[in-house]
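Listed below, chain by chain, are the residues.
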Amino acid sequence: MSDSTIQHHEESRDVTFRVHRFNPQVDSKPYFDDYTIRLEKGITVLRAINYIKEHVDSSLTFRAFCQAGICGSCAMRINGMSKLACTTQVWDELDKAREPGVIKVEPLRNLPHIKDLVVEMDPLVGKMQKYSNWVDSKMPEEQWGKKEFLVSEEEFLAYDKATDCILCASCVSECTILRAHKEYVSPAVLLKSYRMNVDSRDSIHDQRLAGLVQDHGVWDCTHCYRCQETCVKNIPIMDAIHGIREDAIERRGTKDTSGARHAEAFMEDIEKKGKLVEATLPIRTNGLAWTLKNLLPMAFKMVMKRRTPPPPPLVKASKGIDALRKEFKEMTSHVGKDHEKKSGE
Amino acid sequence: MKPFDIVIVGGGGAGLYAAMEAMKTNPGLNIAVLSKIYPNRSHTSAAQGGANAALANKAKDDTVEMHIFDTIKGSDYLADQDAVEVLCSEAPKIIRELDNMGTPWSRMDDKTIAQRPFGGAGRPRCCYCADKTGHTILQTLYEQCLRKGVIFFNEYFALDLSVDGSRSRGLVAMNIKTGKIEAFPAKTVIFATGGYAKMYWNRSSNAAGNTGDGQAITYRAGIPLKDMEFVQFHPTGLRKSGLLVTEGARGEGGYLTNALGERFMKRYAPEKMELGPRDLVSRSLETEILEGRGFDSPAGKYLHLDLRHLGADIIKSRLPQIREMCMYFEGVDPIDDPVPVRPTAHYSMGGIDTDNLGRTVMQGVYAAGECGCVSVHGANRLGGNSLLDILVFGRIAGRAAAEECGKFNPTSIPEGELAEKELELRSFMQPKGHYERYGALREELGHTLGMNVGIFREASKIKQGITDIERLKERFQHVRVFDTGDIYNTNLLQVLELKNMLDLAETVAAGALVREESRGSHTRTDFPTRDDEKWHKHTVYTMEGGHPKIGYKPVTMGRYELQERTY
Ligand SMILES: Cc1cc2nc3c(=O)[nH]c(=O)nc-3n(C[C@H](O)[C@H](O)[C@H](O)COP(=O)(O)OP(=O)(O)OC[C@H]3O[C@@H](n4cnc5c(N)ncnc54)[C@H](O)[C@@H]3O)c2cc1C
Ligand code: SF4
Ligand code: SF4
Ligand code: FES
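Just so you know, the sequences run in chain order Z and E.
All letters in the first sequence, in the order written, are residues 16 to 360 by this note's numbering.
All letters in the second sequence, in the order written, are residues 7 to 573 by this note's numbering.
Chain E extracted, bound-state conformation (with noise of 0.2 Å):
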């Protein structure tokens, strides 16, 4: 393969910006962009909530500055303040560039980009497209894609970076339809392959592919990873798929309710009830599931989302899409019976450690979208700052790889690295005399995450976490791919995706297990109070020997001293 300027892993919201960046910065470059899915099936897709920004059609005193200060007290004070500015000072303009460039944003009656009220934000400024805003986002940045000629090479599954040293030669991926591991020698790669959340598998709202692919590329390939210990819960998945109740349903006035009868929340927010803030709800399903007040099921514990006495006739024309998506996937309808729920794992605020321009410690490698961590999260991602995150800093190392691209050398890849690869992969298809199924390994690892790293934590829980994942690397050493061909080899790519899972889990957990504070989305029962003492810093990741090793980072401050964060 002739070796390109940029290749770029990923055709989400993040990666898609990039390409068209790269290729406005300098259209002589020779970019492509790599993705396991066509680009316009990425998760990006899923989200439909919108994206933040100060344009101030709807609130007229809004300002970038608040948007500001909604982010870093969102982020529960770890956000670097100076990438905030750069996320927030950046966003009416990437909106306004995807309004010119076709994205149907919904109006208001003066014309202008519509905006809505979202969580932890002082101002309606959620710029959205009705309950599709990712997946218009996504067309229009694809469609755009296209119209300018991004080459792109779908259906390719990124396997390693191909390193010399301290600087990358380029990518090793295999093209999904025929089977054959290919070069992708290159200047410089760019990482955007999404979140991680999936690791909780069925106790998840991401898509099947959002297995951490693109940091667990990186890790291995000697690149840190920070933060990777705060994962956002959001309390209403649906029981059997971890699918998104949207909060909208308890907005009705639709009722939480135990195996006992009980609205359980009157024990935990006797006032506002249902309607309590994100974090503090899904802590009060978790805690009466584990009180033994929920329900049981093969699928796994649960409660009730109750909606019944709101009547037939609310709830078919104010929740239609909550209706059918109960009756779709759990085959409930929310007319005639309670919807089981729990909290879903939902989006994973660490990544990649980039600097602000995306860029990674290895010369030539940039990541950015969920994958990275620049960070503009910290503990806890406010809604509409994800989409928004995904398009500012995907844009930014578009144009970084485009500007630095020039100053490094061409590169070739080691034919014997592709050699290597195969050997490694044919070996998973060896008959084994005991082996291990893929899908039991994944479902272990989703339920110990579950229960022992997930929305409450305690040092004796997460230990155990940890050793469950030891030993489910080593069963994974026995897994066996049945299907032995070349030809789309599904089988295959879900074992790999597997191994990228049970990588990254062992950051989360080890991470979990040394924060001992409770910030933002993390919840130590054992260190129930923030400790900025302590813990005011990043927790940074490296390999060693095959296990994480913890290091630290400060965190970048600015206009805003830490505060206690109440709402």
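Here chain Z stands alone, though its shape is the one from the complex (with noise of 0.2 Å):
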């Protein structure tokens, strides 16, 4: 039985969990405990921090249900980044840890804080439902059932991706925009609004779409990429993001896009998406190409550097190439002013 043997030899260590408890009824405030374990190679976070509710320490509070990455119950901070304890191995993380040995796990942010791992999921669901996160069929009800509706593989593909959110937070947990306004949309929920938005199903678009570039909707996005880079299904929540706003000033114009907050965005917008450009100003000169390629990246470079230029006067030049060189050329001694006046500061 040599072989039966190998499988004996598997890795095995003592590891650190520094875990953040708070239980509002009797601490006044949060502090870590650190639980040391024996574990063997394989073993998943989650499967590690039951072992201590089961063996150490009881009272360890954190939600857990389907321990297979696809309820979303188990999203937390392991080394600081939001992500599902149960797909997450503690092997992996030793080599992320700080502190040699020690993996720290704390709740997720930007969620009203229960106990110890546990946050508030309400405000989510209150936000889905604010921005009408359901397909409002074509159908009426009473004839559901009946037949279904013919949808094609490109329709069905618009959604598809989407439809993998789990609605686990740890996106939510990760939004910049959101550490500062609670009230921000948040980007699950942008997500789910463009599922909805792109469902040839559906036909509230219009209200959805009137709703999400309201206050703290879609235009107070900083476009920091965070919630994609953490999202653990791997959903491109910013094609999500980008695909709202394009259809934003597809159907409304920029009306809703006062402030520069909102020109920043509309700009990086166009560098990610050249055809935004082409679908929103109808120009069809030899000209575009080369503006797209001499003046959009300066734009890029504008936002990454977090210069804030005034609002967008890129759609008044729909009249021509021309323009819109002469508004770029604007827009950036402006930029170049505003600049000035930070670096003052």
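I should point out that these hints are in silico values taken from the structure, not numbers from a laboratory.
Beta carbons are placed, not taken as given, at the ideal position from N, Cα and C, and that holds for glycine.
Take these hints with a grain of salt, some might be off.
Below, a list of computed lysine-lysine pairs in the DSSO-like style, where the Cα atoms sit at most 27 Å apart [stated by the list, open to error]: (1) Z:Lys161 / E:Lys154; (2) Z:Lys162 / E:Lys183; (3) Z:Lys161 / E:Lys64; (4) Z:Lys119 / E:Lys183.
Far from chain E, some chain Z residues (derived; all Cβ distances over 10 Å) [what the hints assert, rightly or not]: (5) Pro45; (6) Phe47; (7) Thr51; (8) Glu55; (9) Arg92; (10) Lys111; (11) Arg113; (12) Leu126; (13) Glu156; (14) His196; (15) Gln229; (16) Asp230; (17) Tyr240; (18) Asp262; (19) Glu265; (20) Arg267.
Each of the two chains sits in its own frame; use the hints to bring them together as a complex.
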């Protein structure tokens, strides 16, 4: 049975879990508890903290259910990053640990704290409701069940990836805007809104869109990409955010896009998605390629350096390439001035 | 709390469909859905394969008739044929209804809902959304309930039915976030709390909370359970977690090997080898382990699913999800190493005994979904029929409750019941001289069930299992809850779930012992054949003096005569 003995020699070692503790009923402020346990290679963080709960400290509190990365219950911050405990290997986290052999475990951010690693999910559900995160069917309810909608592959693919979202709130926890503004729509809710708005069976597209462009809506996003980098299902959340913005400008023009914050995002949209320019600005001249090549990278650099350009005058440029060029020149000079002002502070 | 017309316990597919249908039937009703986890986290989300319906989109000659026959045959003739007829004839309608409300079904070239072949089905009739079918159905239903303004009590744990003679007064539940015990007086209560296969613990593909709470609550309240001995095992669960490695891995050509390096399926299915039927493969793996040809590890005995010979390219391109799972949950990359597997408890055919409208024997109490037993799955459920079951019978129960609650008088729950419950729960927290940890009991329960009331059963082993369960029940009296706080006390909840599992485990074992035959998922080595003369009947359990008393119920027959089940 040499084969089976080989199996015994799995690597094992002591690992310390430094866990955020706080029970509002008894604690005046949060603290960390260290639990050191001996683990076998191949174990997930969830199984490790489950072990701690069963054998060391039964009061340690966290959510977990499916243990298979599908229910979204067990999201928490592990070594500072929001992710699912049940799909995270302890050995991988050991490589990332700041202090050798110590894995830090904390609750998600940007949602009210309840106890230890548990946060309140109701605000997220509230936002799903606020932004009508459901298909409001084109078919009257009395007729449901009689015949299926015909949906093409292309129509299906438009929302397919977005329906992977398990509402784990990892992206919510990492969102930069949410840290400052709790009312902000949230990346997962933007994703879901997008998913509904591109569904050919839905009937309230315009109404949903009108909600999304209000304060705390889609224009507040800073395009920091944190949500997308975090997503536990590798969903391209930014495509959804770009998609909503593109749609908003196409259908509603720029009336929603006042304010410098919006401009910044708008410009980045153009950089990321050349087609937005095509779609929104009826420029069909050879000069467009030149414009994109020469001006947009500059605009992008401005964004990256966090300079704040004035509200976007771009759409006025629809008359022609020269106007666009002029607007951009004007804009860059503004930015220069803005920048001087800022650095003087 | 103001009295409700309908309280639905459970926010999985069954509970949410019931809520929607009840609101549709009578929008004026006061309806609440209570769930111990956020509804979108329910175990319905774990179903990957799909839901069956004879839409005839893929195979134009498919019919509801054929679906009915496949289901009855699959059940090893223990399903009630009138119920199966309801299930299968409602199926196309319910799948279309889900489409009409936004479920992202995968599509075929002609833009209709796609269908794939599934085990035990004569035609490709399993409707799916990639490998996330249950997840997307659950999301859609949750979204629609939010649209309709269904009132949710999220993270509320159902504790007890309040019973007044032969009728229910409503539900007693704990608000998990505050620890407060609250009364939900209601004319009707629908249980939709899912399955009980988690009692096999580390040998189960189920979520941690599939502990059969609804079955245990109703059972203690005097409502009969049915066919509890029928638990379905899946051949390839991961060793450490019991999580599923889907059949695709063997479909692509994976080998099953033992500690001697043999492809042992040559002994059991020399022609089909690894691709034999699910129950046969499960039994083969189990035999290898029992006869000492498995590998040993701290996490239990296991065998190998070897994919290495397929090569990195095939594994990466055709089995990416399986590879990911093996790496996440077992820390093994199948490109480099064989995957440790063993059979895993997967689905509970038994449940709360109901009629075809989801009604139990107690006035005002209904059940639907995996926690109910109508019965449409009999001794063995077909893949893709369970999602269908929860949708069809969830809807039927919702409608029935909405139509009937008008006939019942409003109720209230005596204050004393809450205080009593509070005291009972507090008693778990008392310091005890000698105490037990729930974690150990839970693991031992899973272990004895797996060993003695698992895939292979025989009188002496089952008796051992029953003795073990009785001992565990005694030891349970000494379980101590160390978290003495009110807020989000998962320590207490897991202890209550363990209590539910212990009560139900007793029924599973008792049923397994009396049923002296082999039928569907129930395999008795001492009674290896199906015995229709003695055992073509349902087992029914009522609680007496804390233990199950077994009775029987006839199977409703119909068009299809008893036949031998061969594939
Ligand atoms: C890995 C896996 C794959 C599967 N694949 C398929 C498939 O491809 N096709 C198929 O047809 N079937 C499949 N099944 C089976 C199917 O998924 C389940 O039978 C079905 O989803 C059960 O649905 P339900 O609504 O009855 O219960 P669940 O979805 O389990 O929901 C139960 C609900 O009850 C609530 N609840 C439980 N106890 C309490 C309590 N004490 N208090 C308050 N609330 C409570 C929970 O919070 C939850 O909301 C699969 C099962 C598994 C495990
Ligand atoms: S890109 Fe937008 S939504 Fe995503 S994390 Fe940054 S601010 Fe939040
Ligand atoms: S978008 Fe991704 S990270 Fe955010 S909730 Fe959904 S699955 Fe989680
Ligand atoms: S426990 Fe369900 S996602 Fe981790």
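Status of each hint after checking the structure:
1. Pair hint Z:Lys161 plus E:Lys154 holds up; C-alpha atoms about 21 Å apart against a cutoff of 27 Å.
2. Of the pairs offered as hints, the one joining Z:Lys162 and E:Lys183 is violated, with about 43 Å between alpha carbons and a cut-off of 27 Å exceeded.
3. Using a Cα cut-off of 27 Å, the hinted pair Z:Lys161 and E:Lys64 holds, with the two alpha carbons roughly 18 Å apart.
4. For the hint linking Z:Lys119 to E:Lys183, the alpha-carbon distance of about 25 Å falls within 27 Å, and the restraint holds.
5. Interface exclusion of Z:Pro45 from chain E stands, the closest Cβ pair being 14 Å apart, more than 10 Å.
6. With 10 Å as the threshold on Cβ separation, the claim that Z:Phe47 sits away from chain E holds: the shortest Cβ distance comes to roughly 18 Å.
7. Distance to chain E confirms Z:Thr51 as a non-interface residue, since its nearest Cβ pair spans about 18 Å, more than 10 Å.
8. A beta-carbon of chain E is positioned within 10 Å of the beta-carbon of Z:Glu55; the least distance is around 7 Å.
9. Non-interface status of Z:Arg92 relative to chain E is upheld: no Cβ of that chain comes within 10 Å, the nearest being about 18 Å off.
10. For Z:Lys111, the shortest C-beta to C-beta distance to chain E comes to about 16 Å, beyond the 10 Å cut-off, and the non-interface label holds.
11. No beta-carbon of chain E comes within 10 Å of the beta-carbon of Z:Arg113; the shortest separation is about 23 Å.
12. Against the 10 Å criterion, Z:Leu126 stays outside the reach of chain E, whose nearest CB is about 13 Å from its own CB.
13. Residue-level check failed: Z:Glu156 sits 7 Å from the nearest beta carbon of chain E, not beyond 10 Å.
14. The Cβ of Z:His196 lies farther than 10 Å from every Cβ of chain E, with a closest approach of about 23 Å, so its non-interface assignment holds.
15. Distance check on Z:Gln229: its Cβ is at least 19 Å (rounded) from any Cβ of chain E, clearing the 10 Å threshold; non-interface status holds.
16. At roughly 22 Å from the closest C-beta of chain E, the C-beta of Z:Asp230 stays outside 10 Å, upholding its exclusion from the interface.
17. The claim that Z:Tyr240 lies off the interface holds: its Cβ sits roughly 23 Å from the closest Cβ of chain E, which is beyond the 10 Å cut-off.
18. Against chain E, the non-interface label of Z:Asp262 holds: every CB pair exceeds 10 Å, the least being about 19 Å.
19. The claim that Z:Glu265 is not at the interface with chain E holds, since no C-beta of that chain comes within 10 Å of its own (minimum 23 Å).
20. Every C-beta of chain E lies more than 10 Å from that of Z:Arg267, the closest at about 24 Å, which supports listing it as non-interface.
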